[in-house]
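In case it helps, this note's numbering puts the sequence shown at residues 1 to 342.
Simulated from the structure, these hints should not be mistaken for laboratory data. These figures come from a predicted structure and were not determined experimentally. One or more of the hints may lead you astray.
[Unchecked claim] Here are the in silico distance ranges between beta carbons for each label pair:
hint, residue 1, residue 2, range
1, Lys204, Lys95, 42 to 50 Å
2, Ala292, Ser221, 44 to 52 Å
3, Leu106, Met173, 16 to 24 Å
4, Ala165, Gln138, 40 to 48 Å
Backbone N, C-alpha and C define an ideal beta-carbon position, used for all residues, glycine too.
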Amino acid sequence: MNAKYLTLALGLVMLASCGDKKKEEEANAAAAAATAKPQVKVAKVQTQSIPQTETYTATVESDVKNNITPNMAYRIEQILVDVGDRVSKGQCLVKLDESALNQMKLQIENQKIELGRTEQLFNVGGASKSEYDNMKTQVEVLETQYRQLAQNTQLYSPISGVVTARNYDNGDMYGGLPILTIEQTNPVKLMINVSENRYKDIHKGLDVDITLDAYEGETFSGKVTIVNPTVDAVTHTFPVEITINNKDQRVRPGMFARATVNYGSQDHVVIPDEALVKQIGAGDRYVYVYDAKKGTVSYNRVELGKHLDKYYEIFSGVNSGDQVVIAGQARLNNGKAVEVVK
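Starting from the given sequences, assemble the full structure and let the hints guide the process.
And the structure:
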């Protein structure tokens, strides 16, 4: 073999040797990486006193609402108030057509004339007592009907409040809808539906903070005034009435409101946001808890409470004093040995 070919052969052998060595190094590195413990950072968690508040949405309602209607179909002679007017209890609001009243009045006068004639005949024996009594009863019935009719030709407000609806104009015939709607706007109220697990926590007189979209940045005071004694079997909620003092009339029926109820404080574990792991394809949340004695982590499902700035309130899954992983979760699984770094 000449020198040229010998040199080429030696080169090929050296290349092969280098390639084998590189593969061996890569294999060793891969093996080392596979056996190396993932590095993680952990944080110790503690129990804190957390205010137990819940916010409910509702629409403001008037405390009392009255529809002003006659007891039969009358023609409306005059409506004395309009939408937005404030009215007092006992104030006359509507006058109805009195033509029927006038006809009845004339009928009563005629019946009284007949009663007088019958009484004269009775006194001289020309009419029986039953005829006289029947005529007298007819007059009394007509007079009662007249008084009832007279009361209904003028409609009065049963409460002090504000006119919130008017459905007719002067001269219209009453047709079923209320002529007017009067609402009492001091106080006003909210109706909220509360979960049954709060039944033991809410009670009459409990203070409630109210915010309204109409008054951004302001908080109004309310109180629980009624707690319904039964729970809906379908929704597992129960109605609660909240009353708002409204002397200045700023809060109006129909406004959108948020009612925040404070149920007191409870001690719960608080963990950093970084500790939470979301399971792919599900809404469950998990936390890796580090066991210092074993040097491993456990994959614990947690029940979340409120989000508090950069922390979460935890109802279950983590105990006070536990160390939770806050960095390095990507390579972890349940029972994995880890190396804790600062």
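Verification of the hints:
1. Taking 42 to 50 Å as the suggested C-beta distance range, the pair Lys204 and Lys95 conforms, at roughly 43 Å.
2. Separated by about 50 Å at the C-beta atoms, Ala292 and Ser221 satisfy the suggested range of 44 to 52 Å.
3. Distance hint check: the CB atoms of Leu106 and Met173 are about 23 Å apart, consistent with the given range 16 to 24 Å.
4. Distance hint for Ala165 and Gln138: a CB-CB separation of about 41 Å, consistent with the stated range 40 to 48 Å.
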